[in-house]
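Protein chains in written order, with this note's numbering: chain A, 1 to 195; chain B, 1001 to 1259.
Hints in this document: simulated from the structure, not taken from any laboratory.
Values in this document were obtained by computation on a predicted structure and should not be read as measured data.
Note that CB positions come from ideal geometry on N, CA and C, so glycine has one too.
Take these hints with a grain of salt, some might be off.
A few chain B residues facing chain A, derived, Cβ under 10 Å [stated by the list, open to error]: (1) M1001; (2) F1093; (3) R1119; (4) D1158; (5) V1160; (6) I1202; (7) A1243; (8) Q1246; (9) E1247; (10) L1249; (11) A1251; (12) I1253; (13) W1257.
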Amino acid sequence: MIAIVDYQAGNLASVRKAFDYLGAESAITSDPQEIARASKIVLPGVGNFEATTALSGTLQEAIVRAIDRQIPLLGICLGMQWMFDSSQEAPQLQGLGLFPGECEKFPAVVKSPHVGWNQLRLRGDSHLLRGLPRDSFVYFTHSYRAPLVEATVGDCVYGGEFSAVVERGRLFGVQFHPEKSGPAGLQILRNFCEL
Amino acid sequence: MLTKRIIACLDVDGGRVVKGVQFSDLRDAGDPAELALTHARSGADEIVLLDISATYENRSTLLDVVRRTARELFIPFTVGGGIRSLDDAAAVFDAGADKVTVNSAALADPALIARIAHRYGSQAVILAIDALRINRGDGNDISFGVKATGGRHSTGRDAVKWALEAERNGAGEILLTSIDRDGTRGGFDCELTRAVVSAVNIPVIASGGAGTARDFVEVFHDGRADAALAASIFHLGITPIGALKQELLAAAIPMRWPC
């Protein structure tokens, strides 16, 4: 069972719907015990980095312990940003620090938020992006962006390059919304289900 | 490169897609769930479903339509029409919408935008503006007024100022419809679009007047729109989305293609 972690950060129904469509069993939950039993964990979320305060305490402990047990974790949008050290959006808070660096605001030369379909540039091997055509378009909607790191396997250009996909071992993060990215997005979620 | 977006709009009344000319003269154009999937497969970047009757009796019909439409749709899906409260918005999100549009209710209560944005994020709230040209005196002095309740009532508001206020309130996008052009297939109102695009820093979706590919080129170039929305020309196959996107690519407008 895939646990979709509910931390009151936006609408999770569409992530669930995508897993239903792919025939993967999933549940939206904020119960640490259910997360402890999950075979995979998805951290979705949209909105302000401050929303991740709801992930502290027992919920965060359950997620960290699952990571230690090599349970695959996929962070989507805000969920991915929380896997970094921190964000300029709420500098008083800490992320999980699974990937290094701080998420930053887009430079003033481009409109923010970055909303719409943009191209994914593949950089290096990735389980998550397996079978994905080069330069596939995916759907973004975000005001902050994660820096390029060693684990960046896909980047995107909007007011400069940023991390669109990070991957290290069983840890995955995508800045865009695979559940809203048409066939390309479904391919990514299918790859995650098949890990 | 971030693409311009082509959005297919389903105007729904009593569970069926209808399309009128200048907000009236409705004709049946099909089942919303089927049309949404057809458009998604043809290359639509987003689907917008507007409940144009939005009467109390029709709410449960609408939620059922939203649920059916969302089930196999994996591109952004926006629902609007008759959203008067955070509870109305929540019901539509629960049924599978990714974004909502608010219009008349936000005119009466601008804080509604902030309440929905606070709970679901700004990216989930689109302010819909129905704008009408107002010519004063010599014809060079044009402004754009805002109409409420499906274009029926004047509000005394200015479209550009209202868009700015909505942005400050937390709206994530503006859906800007020209009442003058709606349903005419005579081209978008590029002047209106450019006026709002220049004022705000959030994406603007141009609507009303889509006919040919040339109209889309103009609204992206001259109107500087981030997205363009159309209904009947897609439903009736007058301008197929795939062919439209290829023409726009040929005109050097960034498009998601192939889809």
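Here is how each hint holds up against the structure:
1. A hinted interface residue such as B/M1001 counts as satisfied when its beta carbon comes closer than 10 Å to some beta carbon of chain A; here the least separation is about 7 Å, so the hint holds.
2. Hint status for B/F1093 relative to chain A: holds, with the closest Cβ pair at about 5 Å, below 10 Å.
3. Taking 10 Å as the C-beta cut-off, the interface hint given for B/R1119 holds, the closest approach to chain A being about 8 Å.
4. With 10 Å as the threshold, the beta carbon of B/D1158 stays out of range of chain A, its nearest partner Cβ sitting at about 22 Å, so the hint is violated.
5. The criterion of a C-beta within 10 Å of any C-beta in chain A is not met by B/V1160, whose closest approach is roughly 17 Å, and the hint is violated.
6. Interface restraint check for B/I1202: the shortest CB-CB distance to chain A comes to about 7 Å, inside 10 Å, so the restraint holds.
7. At about 18 Å, the closest approach between the beta carbon of B/A1243 and any beta carbon in chain A exceeds 10 Å, and the interface hint on this residue is violated.
8. Below 10 Å, beta-carbon pairs count as interface contacts, and B/Q1246 has none with chain A, the closest being about 15 Å; its hint is therefore violated.
9. Because the beta carbon of B/E1247 sits about 18 Å from the nearest beta carbon in chain A, more than 10 Å, this interface hint is broken.
10. Restraint check, B/L1249 versus chain A: the minimum CB separation of about 13 Å is more than 10 Å; hint violated.
11. The restraint placing B/A1251 at the interface with chain A is violated, with a minimum CB-CB distance near 18 Å, outside the 10 Å limit.
12. The beta carbon of B/I1253 is not positioned within 10 Å of any beta carbon in chain A (closest approach about 13 Å), and the interface hint is therefore violated.
13. At its closest, the beta carbon of B/W1257 sits 8 Å from a beta carbon of chain A; the interface hint therefore holds under the 10 Å criterion.
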